[in-house]
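Please build the complete structure, drawing on both the sequences and the hints.
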Amino acid sequence: MNQVLIQLIYFVIYSVVFLVIGKLSFSESDSLSKFFVGERKNDEKRLFFTFVGTWVSAATILGFTGNVYHSGLSVIASSVIPWFIGAGLLYLMTDRLYENDVLSIPQLIGKKHHSKFLQTASAIFMICGYIFYLMIQIKGFGIAVSSLLNINYKVAVFLVYLFILYSSFGGFNSVTKSDCLNLIMLSVSIGVLYLVVVKNVPGHWFLTDQTVHELIKSKGVFENQTAEIGIFVYISMFFGWGMGLASNPQYMVRILAAKDKKTAKHMILHALIFLCVLYFALTQIGLGLRILFPQLKNYCSADDVFIYAVVNLMNTPFSGFFLISVIGACVSTANSQLHLIGCMLSYDVAAQIIKKRLSEEQILTLARLFIFLGGTAALLLSVNPPEDMLSFGADIWGLFSAALAPLIYGGLYWKRRSKAGAVGAFFTGLICSALFWKMELQIYWAFPATLCAAAVYVVIPMFEKKRGAEE
Amino acid sequence: MLPFITVGILVVCAFCAISVYNGYTEKLKDRKEYARTTIRGMEADIYYLQGKLSEEEIRQKYKFYRDPAVRIMAADGTVITGDEEIPGGNMELLYADSGNSLGWRLEYWMDKKSFESAILEEQNYVIVGAVASLLIIVQVSVFLAWSLTKPIRSMSAACRKIDENKDGFREYSFRETERNDEIGQLARTFENLLKNLDNYTKMEYTSRMSSALAHEIKNPLAGIRSGIQVLGGRAVKENEKFLCDSMLHEIDRVTGLINDLFTLSVKKENHRHVFRADVLLREVSAIYDRECEQQKVIFETECETCEIFADENETRQMLYNLLTNSMRAVKRDGTGKIRLSLSSDGEKTVFCVTDNGKGMNEEELKRAREPFYTKSINGVGLGLAIVNRLIEQNHGKMEMESAPGCGTTVRLIFESRDEHEEGTDR
Chain S
1 MNQVLIQLIY FVIYSVVFLV IGKLSFSESD SLSKFFVGER KNDEKRLFFT FVGTWVSAAT
61 ILGFTGNVYH SGLSVIASSV IPWFIGAGLL YLMTDRLYEN DVLSIPQLIG KKHHSKFLQT
121 ASAIFMICGY IFYLMIQIKG FGIAVSSLLN INYKVAVFLV YLFILYSSFG GFNSVTKSDC
181 LNLIMLSVSI GVLYLVVVKN VPGHWFLTDQ TVHELIKSKG VFENQTAEIG IFVYISMFFG
241 WGMGLASNPQ YMVRILAAKD KKTAKHMILH ALIFLCVLYF ALTQIGLGLR ILFPQLKNYC
301 SADDVFIYAV VNLMNTPFSG FFLISVIGAC VSTANSQLHL IGCMLSYDVA AQIIKKRLSE
361 EQILTLARLF IFLGGTAALL LSVNPPEDML SFGADIWGLF SAALAPLIYG GLYWKRRSKA
421 GAVGAFFTGL ICSALFWKME LQIYWAFPAT LCAAAVYVVI PMFEKKRGAE E
Chain F
1 MLPFITVGIL VVCAFCAISV YNGYTEKLKD RKEYARTTIR GMEADIYYLQ GKLSEEEIRQ
61 KYKFYRDPAV RIMAADGTVI TGDEEIPGGN MELLYADSGN SLGWRLEYWM DKKSFESAIL
121 EEQNYVIVGA VASLLIIVQV SVFLAWSLTK PIRSMSAACR KIDENKDGFR EYSFRETERN
181 DEIGQLARTF ENLLKNLDNY TKMEYTSRMS SALAHEIKNP LAGIRSGIQV LGGRAVKENE
241 KFLCDSMLHE IDRVTGLIND LFTLSVKKEN HRHVFRADVL LREVSAIYDR ECEQQKVIFE
301 TECETCEIFA DENETRQMLY NLLTNSMRAV KRDGTGKIRL SLSSDGEKTV FCVTDNGKGM
361 NEEELKRARE PFYTKSINGV GLGLAIVNRL IEQNHGKMEM ESAPGCGTTV RLIFESRDEH
421 EEGTDR
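Order-wise, the sequence lines are chains S and F.
Be aware that the first sequence starts at 1, since it is given in the numbering used here, and climbs by one per residue.
Be aware that the second sequence starts at 1, since it is given in the numbering used here, and climbs by one per residue.
Hint data in this document are derived by calculation from the structure and do not stem from the laboratory.
The structure displayed is predicted, hence computed values, not measured ones.
Heads up, the beta-carbon is just placed ideally off N, CA and C, and yes, glycines get one too.
From the derived model, a few chain F residues whose C-beta atoms are all more than 12 Å from chain S:
| # | residue |
| --- | --- |
| 1 | Gly223 |
| 2 | Gln295 |
| 3 | Arg369 |
Derived list of chain S stretches under chain F, where covered just means 3 residues or more per stretch with a C-beta under 8 Å from a C-beta of chain F:
| # | region |
| --- | --- |
| 4 | 8 to 14 |
| 5 | 147 to 153 |
Quick partial rundown of chain F residues pointing at chain S, CB under 8 Å, derived from the structure:
| # | residue |
| --- | --- |
| 6 | Leu120 |
| 7 | Asn124 |
| 8 | Tyr125 |
| 9 | Val128 |
| 10 | Ala132 |
| 11 | Leu135 |
| 12 | Val138 |
Here you go:
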């Protein structure tokens with residue numbers, strides 16, 4: 001049977017299953033609590049799938065694996081390790097976060113600092129960040145679908161509407177159900193690909209940079225040594241991916257959605273264990289592809305190499321299923337973020353700005369409208385996507401770290417917080433990010449930006465207290 | 001939405017199938033034409049070369065013919081170019097000819113599998129577009145169906161809550177009653193049904209209760225009444241006589257209450273006939289005139305000579321109940337006023353009782369006809385419920401208007417004559 005026809009059949013089957021899941025979830029989205037956080041009654045199994053599904057995106061599957069192919073294991077230090085440390089911070093803050101009866105993280109920020117302005121401003125900031133991050137998912141989706149169906153990339157990205165809008169309209173429960181499907185598919189395909197790669201690199205089930213270097217040298221391919229990155233740069237990278245993840249509402253919402261604190265904590269623990277295994281497999285696949293197809297380094301970018309190798313060079317009947325699983329991974333992250341865009345724009349922005357009190361039904365309708373608008377904006381931006389998904393994603397998360405980390409963690413832990421301090425920290429984070437990003441620093445720009453914002457957050461209340469005491 | 005989805009899917013699939021089939025047939029036609037032209041070209045070439053070169057030389061020329069789809073077999077059966085064996089499997093013969101002067105068989109073959117793959121690749125965007133259209137149709141249909149059924153689901157949820165919380169069902173109202181469409185109609189009808197169901201349920205219980213009470217209580221009460229009457233007749237002291245009169249009064253009150261319950265709940269045979277409404281009004285007025293004078297309430301009447309088609313006793317009872325209610329509502333300091341009027345236009349006869357009592361608010365007015373609903377300390381809440389029941393039995397209508405501080409007006413509208421029989425005067 002024709003390969004394109006087989007892949008088309010995969011696509012149709014996936015679409016039908018997706019439609020059924022979405023249809024079943026619509027009835028579970030008729031209240032704000034259900035739509036935003038699944039009524040805060042979700043069990044560990046469902047939360048595990050959605051947490052991991054949201055985590056594993058195009059940046060992970062394509063960007064990370066491609067960067068491992070190009071740069072070796074050093075990518076782990078600048079991405080995976082900061083991610084896991086960030087997840088550790090999430091675990092530690094679970095108890096404090098869960099105690100708050102809120103529907104969104106901007107609402108938490110506003111509540112802790114008694115500031116509706118901060119609620120709205122932080123929501124607008126997060127929305128902008130998510131729209132840009134959505135570009136990465138749509139790019140990943142576009143690459144996968146254009147390979148799957150043999151169509152132009154720009155046409156492929158328009159197909160994303162079919163999935164992310166549909167699943168996001170159904171609210172939190174719809175998003176989590178689709179995450180379950182996508183994660184199962186992804187796990188199977190990554191597992192199979194790992195076994196295929198290991199089988200083709202006989203005698204090596206655990207590859208390292210050294211092994212790769214030796215094996216490709218034996219094939220007569222010589223490669224230049226990649227430039228060493230300083231240890232301090234690695235540490236400062238934590239304030240990109242790591243702290244950005246720890247300040248990311250899309251994970252915090254899943255903590256809030258748990259039925260109790262214990263469930264939330266178990267979700268994070270089990271997710272991290274699973275992700276360890278997944279990243280191991282992806283690392284091995286990246287290194288394995290480097291051994292099997294070293295020539296791709298010359299003409300494939302980091303984001304394209306994984307798909308190109310699997311679809312065009314490995315000649316496995318499984319390639320269609322793999323592409324669908326990449327699509328699924330992109331959809332999982334995209335619909336989580338699009339869902340948050342809709343929730344925040346309706347609840348934290350529109351409902352706060354509009355003087356007339358909106359009913360639940362009106363807010364839900366607005367949420368769906370904003371999902372459509374947010375998806376469209378991201379889609380239009382993704383027609384000309386960024387070159388490297390991983391570094392683009394790191395920059396966005398760096399912004400989250402600088403602007404939001406002091407507000408969220410300070411709001412939960414710093415007793416002497418104040419509204420002025422929070423507002424000052426928020427704007428300091430943004431301004432410093434803009435300044436430091438342009439500079440060629442020896443460290444990652446998000447690190448000093450976050451430090452400046454944190455300092456402002458702490459200093460302004462002390463200054464206010466001192467002035468109050470003098471008066 | 002299923003029929004619409006089905007139609008949409010069928011249309012898109014048909015369009016896609018037609019497009020692909022059309023592409024396939026057009027391309028096949030082109031390929032066959034190309035095959036024919038190629039073979040014809042070769043034959044013309046053979047004809048041209050035959051006079052100039054030997055057959056062996058012409059064979060050498062065609063031995064390594066560049067088009068792998070061409071197969072040439074000599075007249076003696078040897079294959080000059082192409083596969084030795086007749087191609088099988090996916091290969092299909094598009095065109096063949098042996099009409100050249102050398103007697104060679106010229107064949108043009110096509111790889112069907114490659115051809116179909118090429119078709120699929122050319123029609124890729126059509127197929128993808130069809131799949132995308134199908135997905136959009138289904139998704140939009142699912143979303144529309146969900147939106148359309150939302151009010152029905154909301155009503156179902158409200159009904160479930162009512163079922164769980166039976167006592168508090170009066171507190172529920174459907175938001176959908178504000179709609180102007182069929183859903184709004186359904187919601188309003190259901191709300192009325194709930195309210196009436198409450199009354200029907202009460203009526204059923206009171207019917208059973210009053211049947212039992214009537215039998216069990218009335219007889220002993222009659223015996224007690226007789227005994228007290230005898231004792232009252234023998235009483236010497238004034239206070240003893242007064243006590244006996246009070247007890248008789250209370251017994252009568254209880255008997256009246258049982259009778260009211262009975263009237264409300266048990267359907268009695270109704271004897272409607274045409275009689276003079278003004279005569280009845282004067283009878284009732286005579287009783288209440290005296291009563292009102294004693295209570296320092298102004299009582300006015302206004303009537304015209306007219307007839308009414310109803311049960312006379314039941315009509316009398318309705319008027320008594322309405323006037324009793326008005327007596328309770330008005331002030332008894334000379335400012336209270338009750339007006340009983342009668343009018344007719346030949347088709348309808350209307351009794352109207354108006355008072356300037358404390359009136360009722362919207363909620364009280366809505367519930368006034370419910371059994372056992374009362375704001376009065378002395379009442380049981382059956383008066384208006386009985387009037388409502390009796391007016392329905394007499395095929396009439398009761399209209400009420402009231403506002404707090406502005407008094408109440410109750411209109412009882414009856415038919416003036418029997419449409420099926422001739423009326424008889426009283």
